[in-house]
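Next come the chains, spelled out residue by residue.
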Amino acid sequence: MNWESVIGLEVHAELATQSKIFCGCSTAFGQEPNTQVCPVCAGMPGVLPRLNRTAVEYAVRVGLALNCTITRYSKFDRKNYFYPDLPKAYQVSQLYAPICRDGHLAVEVDGTTKIIGIREIHMEEDAGKLIHDAVSDNTLMDFSRCGVPLIEIVTQPDFHSAAEVRTFLMQLREILLYLGVCDCKMQEGSLRADINISVRPEGGELGVRTEMKNLNSFKAIGRAIEYETRRQIQLLESGKQVVQETRRWDDDAGVSYGMRSKESAPEYRYFPEPDLLPIYIDDQWLQSIVENLPEMAEAKRARYMRCWGISALEAATLTSHVYVAQLFEEVAALSRNPMEAAHLVAGEIMRLMNQTDTLPEDLAVDAKKLATLITLVSSAKINRNAYKEAVEAVFIDGVDPEEYIAQRGLRMVSDADAIAEAVAAVITEQRQAVADYRAGQHKALGFLIGQAMRKLQGKGNPALVRKAMLEALE
Amino acid sequence: MEIDAQLIAYLEELSCLILSEREKQRLTDDLREILNSMARLEELNTTGVPERSHPFDNVNAFREDVVQPSLSREHILQNAPAHNSEFFIAPKTVE
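Protein chains in written order, with the numbering used here: chain A, 102 to 575; chain B, 10 to 104.
Treat the hints as calculated values from the structure; they're not laboratory data.
Glycine included, each C-beta is placed from N, C-alpha and C at the ideal position.
One thing to keep in mind: the hints can contain errors.
What the hints assert, rightly or not - Ranges between beta-carbon positions, derived for each pair:
| hint | chain 1 | residue 1 | chain 2 | residue 2 | range |
| --- | --- | --- | --- | --- | --- |
| 1 | B | V68 | A | E303 | 41 to 51 angstroms |
| 2 | A | V391 | B | C25 | 41 to 51 angstroms |
| 3 | A | E306 | B | L53 | 16 to 26 angstroms |
To be verified - Straight-line C-alpha distance at most 25 angstroms; calculated SDA-like pairs for lysine to any residue:
| hint | chain 1 | residue 1 | chain 2 | residue 2 |
| --- | --- | --- | --- | --- |
| 4 | A | K215 | A | L165 |
| 5 | B | K101 | A | L231 |
| 6 | A | K180 | B | A70 |
| 7 | A | K230 | B | H84 |
Using the sequences provided together with the hints, build the complete structure.
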């Protein structure tokens with residue numbers, strides 16, 4: 102039998118606001134435990150949460166980018182549960198009137214475009230971190246992450262393969278990065294996905310689904326989907342049933358295992374959050390959010406081509422990641438030479454990133470130093486070889502470009518005497534090539550110039566060397 | 010809704026409480042009385058009254074995205090039944 106997997110996603114993205122969703126505590130990652138906690142996010146009695154306006158605007162931005170209907174009158178609800186990751190014993194979330202609904206995203210998989218439905222986007226507060234202490238056999242709780250604003254993007258069950266899921270997530274990640282609403286660092290948990298998956302005979306009735314949690318890398322997501330699909334097919338083919346449950350993916354072992362089978366159907370007793378007023382987004386506010394949307398990849402590509410004459414291919418490379426685009430724009434502005442900056446970032450920098458396995462988010466090269474090198478090469482202070490060498494040294498070791506060029510003696514030789522001396526020596530040594538050239542074989546010129554450059558240790562000003570060589574040959 | 014032993018057992022589980030037989034009986038009586046009182050609301054004619062989720066008409070009580078100082082860790086931990094110098098401590102929670 103041909104089996105088909107049916108997959109839906111719940112993607113959690115932490116919003117990149119400075120402060121938490123309902124209080125002024127900082128959202129900075131990686132601080133000492135419990136140093137970003139106040140009475141509101143600690144769930145003290147008698148406190149009043151107050152909604153962060155920027156969190157609402159960021160959520161709306163995502164809804165607009167994912168072609169959603171923005172809910173004009175939206176509100177929060179309490180999701181009650183007993184688990185010590187939130188000290189209030191409930192999570193403030195949105196069940197009845199989520200901020201965005203009914204969107205879609207077109208993704209390209211294996212050359213075909215596929216529309217993935219977005220059921221809703223709702224806002225909620227993140228929970229704290231629990232650490233198991235093996236020594237005391239207790240649970241240690243860090244509430245610093247409690248109340249960090251989150252959006253949960255819920256898709257329709259429109260995926261049928263791990264490849265489709267991966268492509269969607271990568272595209273979604275780029276959108277969130279371009280929108281400036283999430284740093285999308287999966288290893289820090291700021292972007293995480295839960296996966297609902299079931300299998301069915303192709304075109305048949307929907308099967309029983311399981312939910313997989315704890316997926317924090319694209320690789321883990323792909324492997325988990327493949328594993329779970331196989332597991333469910335094996336169960337069904339051996340005449341067993343799939344049990345509806347939450348499963349945890351263990352990426353090291355490459356297996357998933359069931360959890361919380363006892364209370365498989367959680368009862369969250371949702372009710373409207375009485376401590377928060379509803380959100381009303383009028384035309385004027387919505388319009389201002391639309392007008393303040395950051396420039397997305399497509400618009401950037403068009404602008405690079407229109408304003409600076411950059412090729413479609415280079416523009417596509419430059420906008421493949423928002424951090425690459427940001428580097429390019431900085432270098433272009435600092436060097437005042439967008440075309441040269443485009444060649445540099447789309448060419449040499451991308452090559453160095455591949456060579457050193459540098460991810461765009463880890464791109465730490467100094468735009469100012471690259472701009473300096475562009476100025477040096479375009480004003481003929483260094484030649485292309487020296488430029489390439491210095492770019493690599495800046496990228497890998499972060500060297501100071503001026504110092505590096507001075508130390509390595511890379512400054513271009515434009516001294517007429519030195520060039521004339523090198524040219525004269527070549528003409529004496531390479532009699533055959535000189536004769537070939539004079540007999541009309543013009544390609545011998547390249548060889549002769551190359552020899553002269555060699556005598557100048559590759560630092561000769563190419564235009565001047567060429568001119569001197571032609572004069573000597575005449 | 011019928012308040013019976015089964016429902017009480019379910020609520021006991023959901024709210025993580027362990028009740029004595031006497032408490033269960035008292036709770037059954039209380040909940041029945043509460044439901045009866047609430048049932049009286051159904052006698053109200055609400056035709057033409059718009060649905061609402063909050064008793065106030067106000068909307069949009071926002072704060073701006075500005076970081077305010079948190080409490081010191083020492084202070085925030087001091088009310089917890091159990092803590093060490095860095096963390097709140099709870100009995101082992103398995104998931």
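Query raised in the report: Which of the listed hints are broken here?
Result: Number 3 - this is the single hint that the structure violates.
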